[in-house]
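Undergrad: This is what each chain is made of:
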Amino acid sequence: MATNNILEMRGITKTFPGVKALENVNLQVKEGEIHALMGENGAGKSTLMKVLSGVYPHGSYTGDILYKGNVCEFKDITQSERLGIVIIHQELALIPQLSIAENIFLGNEQAKRGVINWNDTIGKTKELLKTVGLNESPNTLISSIGVGKQQLVEIAKALSKEVKLLILDEPTAALNEEDSENLLNLLLTFKKQGISSIMISHKLNEITKVADSITILRDGKTIETLDMVKDNINEDRIIKGMVGRDLTQRYPVREPKIGDTILEVKDWNVYHETQDRKVIDDVSMYIRKGEIVGIAGLMGAGRTELAMSLFGKSYGKRISGETLLNGKPVQMNTINQAIDQGLAYVTEDRKHYGLILMDDIKRNITLTGLNKISRNTVVNANQEIIEAERFRTKLNIKTPSILQKTGNLSGGNQQKVVLSKWIFSEPEVLILDEPTRGIDVGAKYEIYTIINQLAMEGKGVLIISSELPELLGMCDRMYVMSEGRFTGEVTREEASQEKLMKYMTKSRG
Amino acid sequence: MESLSKLFKSNIRQYGMIVALVLIMVLFQILTDGILLKSLNITNLILQNSYILVLAIGMLLVIITGHIDLSVGSIAAFVGAISAILMVDMHMPYPLAIIISLVIGGLVGAWQGFWVAYVRIPSFIVTLAGMLIFRGLTMVVLDGQSVSPFPAGFQRISSGFIPDWFGGSDVHFLTIVVGLALSLILIFTEWRNRLTQQRYQFDVVSAPLFVLKLVAIVAIINVFTYVLATYEGIPNILIILFILVIIYTFVMNKTVMGRHIYALGGNEKAAKLSGVKTKRMTFWVFVNMGVLAALSGLLFAARLNAATPKAGVNFELDAIAAVFIGGASATGGIGTVIGAIIGGLVMGVMNNGMSLIGMGIDRQQVIKGLVLLAAVAFDIYNKNKAS
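Protein sequence lines correspond, in order, to chains A and B.
Counting from 1, one number per residue, gives the positions in the first sequence under the working numbering.
Counting from 510, one number per residue, gives the positions in the second sequence under the working numbering.
Quick caveat, the hints were computed from the structure, so don't treat them as lab data.
Predicted model, so just to flag it, every value in this text is computed and none were measured.
Ideal Cβ positions, reconstructed from N, Cα and C, are used throughout, including at glycine.
Any given hint could be a false lead.
[Claimed, not checked] Which chain B residues face chain A? A few, computed with CB under 10 angstroms, are given here:
no., residue
1, R665
2, W674
3, T764
4, V765
5, M766
6, G775
7, A779
8, G784
9, V785
10, K786
11, R812
12, I843
Make a model of the complete structure from these sequences and hints.
TA: In structure tokens, the structure reads:
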């Protein structure tokens, strides 16, 4: 039986202690296609790819992997790479202190008897960089280029291994629209050259743009494989497959009840922490009670810097400007002052800045508000359990116990823990930085519901997001940021993706 | 039985430590023909290891915050030297000298805490510098000589025993009474905790298991105090240790400050953004270490009845080993006071036992090194299995 499948995974089952991560999963990828692997967080996409690439060695799972018609039993990642299967993980595996060339040939050094031929290395790197369209010197340090370019370096590294099947795990999660666009075009170019790709992504618009076929996983099982052209697939159809139901409404409906101004910022200026340049330039804004305000902007526009500088000056130097809470000027020079004044900041990077991963759910939830459950600084451990249980029920944190380590939770549940922590601190204004990054569609809806509920309780909410549909779906009003300045302000009624994009790309005249 | 094995599995690290300690004790009890657990030797064990255990408590906090302190041995020697100058040369009353010494320890800790917390120099480097600086200053203060003798009252802190008000002849009666009193307090608090937990409708261990646990602990306490009572009774130093363990366990488990220290060690950035004053916390952890190092130095000087330039050499290594054997994580965020104490006792019993069977100091070092490595390897193996 001659097939044009480059890869077939048959009946893959993989169990972890207590959990069946994959159950009888099948995946077929045709030669020279872009195959999207979709599913909610925890559906088993990354696990499947780790089985494929040999991160989980043969024997730790059951089922067969056929690559170009041959059965493969990879014991580690080098064996799969030798056959041209290269995986690029969500968290980039580059070493910041080394140069682009050194990173590309790391573990694959152009050497003879252990002595590196640097001319060869540099020369080959130049060629590779040209192929991926990255205009940087091979000697540039990784730490001095942005995430978008780093992603390209990863791809160049994959190419250097003569990749036949490229696996990308959420390649655009940390990229702005422009870099994402570049990357997707690059994948299309590769396709023409006969390189097949498997792409894991949550971004439906990207999938519909580049993918030839889609395999959907749910709860560790294959749900269906769709052919983009033959089956005439649209975004709603994919969502239906992923969540197993029709999500008619991707954003919960809310009747805004907007009150008085709660937080006002005037003439806010912030300088970069180490360089002598302004990252926030004369920003003025306000948030009202019960209002959800969005900040749109490309990566590097200064959105996170603005949020963190407001939150107790936790970012930036030489900060000037005025902050008013409920009409009264307030000083928020430290994080504790900001928290005391009723500010909360949910970070964009929950693993590194939001959670103590080695601690359990309970301790993470109560960390900021410990004073509420303690007397004379002694924590009431019983009260703490009750509060944690309350949030587990209220925010629907899916976990067997509040004593579960947060490091073991899925992205959506981790985000719910972070939100619980800040809701428990009883803030008046919540700044949510990329609140649904890396979270699956089902959990996103839950997070949106929580955000709406907060607004209904009269809190002011500020959402920073790179996903324009999210802002359009959630916010009453949006500010648009570009190069550290506010370039536009639009209400929900007058907003559109095109309009936001125009302001976002507006550069200094 | 099922709940018992579940309880054991979920706390394998803690119980594993206790089991290891018991096994080591049994081993040396056999090898030494029963000398190890004689009342005289038990008393000696406590006296010999007290200063390391005091250091281990402070070191635990430092290690939980993700730092290390290599200077504690030098600080102990330095403070011991100053106390000798105050008491022996200047004839200062010893309570006042103790207070001044502890304050100096705190100031030394503040000096190091400043560099670590506010200037953000890695603690390894700051305390390596401190190790040299304070060892050198010790020699300067003592002019290279040993200074002695200390006042009798001061010596009694490390070598004295609690008085026996009841005048028991063969057996130290007050010691027995203390054992019984502790048992009653323990039963009462455990019972009260159980009631509150039931009132909150939490799951509690089954009644037979609860009783079994209490009986076991009460038995251990009373056998221990009885053994002490057949010699001279409870050493003063044990009282000091006991109070420290109670206070630090309470602070680390029950107070906001303790939580903040764990959070800081677990993820400093996240803790900071959650409102933990990370710099101030780190600073105070080092101040605390300084004070405890000073106390350790005083205890050692009192026991030796002399301040010497060589006091406290390698104390830091024993204290660090105790904390890691006791289950603390090298990356911070994990560790318990009780664990550090048990870790210290493991080292102490091994030192004592190996000396009793006449093993050379050279081989002792090799074995201690291997035990430290094995304990941490066991820890990491367990963690990997769990995840």
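Undergrad: Close enough to count: is the Cβ of W674/B nearer than 10 angstroms to one in chain A?
TA: violated (34 angstroms)
Undergrad: With a cut-off of 10 angstroms on the beta carbons, see whether V765/B makes it to chain A.
TA: Since the shortest Cβ distance to chain A is 5 angstroms, the answer is holds.
Undergrad: Tell me if I843/B is really an interface residue toward chain A, meaning its C-beta lies closer than 10 angstroms to one of theirs.
TA: Result: holds, 7 angstroms to nearest chain A Cβ.
Undergrad: Hint check: is the beta carbon of R812/B less than 10 angstroms from a beta carbon of chain A?
TA: violated (35 angstroms)
Undergrad: So, R665/B near chain A? Judge it on the closest CB pair being under 10 angstroms.
TA: violated (34 angstroms)
Undergrad: Answer holds if the nearest beta-carbon of chain A is closer than 10 angstroms to that of K786/B; otherwise answer violated.
TA: holds (7 angstroms)
Undergrad: Is the hint on T764/B kept, meaning its closest Cβ partner in chain A is under 10 angstroms away?
TA: Nearest chain A Cβ about 5 angstroms off; hint holds.
Undergrad: Given V785/B as an interface hint, is the shortest Cβ-Cβ distance to chain A below 10 angstroms?
TA: holds (7 angstroms)
Undergrad: A779/B was flagged as interface toward chain A. Is the shortest Cβ-Cβ separation under 10 angstroms?
TA: holds (5 angstroms)
Undergrad: Should the interface hint for M766/B be scored as holding, given a Cβ-Cβ cut-off of 10 angstroms against chain A?
TA: M766/B check passes; min Cβ-Cβ to chain A is 6 angstroms, inside 10 angstroms.
Undergrad: Does G784/B meet its interface restraint, that is, does its C-beta lie within less than 10 angstroms of any C-beta in chain A?
TA: Holds, about 5 angstroms.
Undergrad: Min Cβ distance, G775/B to chain A: is it shorter than 10 angstroms?
TA: Holds. Min distance 4 angstroms.
Consistency note: the structure conflicts with the earlier hints numbered 1, 2 and 11.
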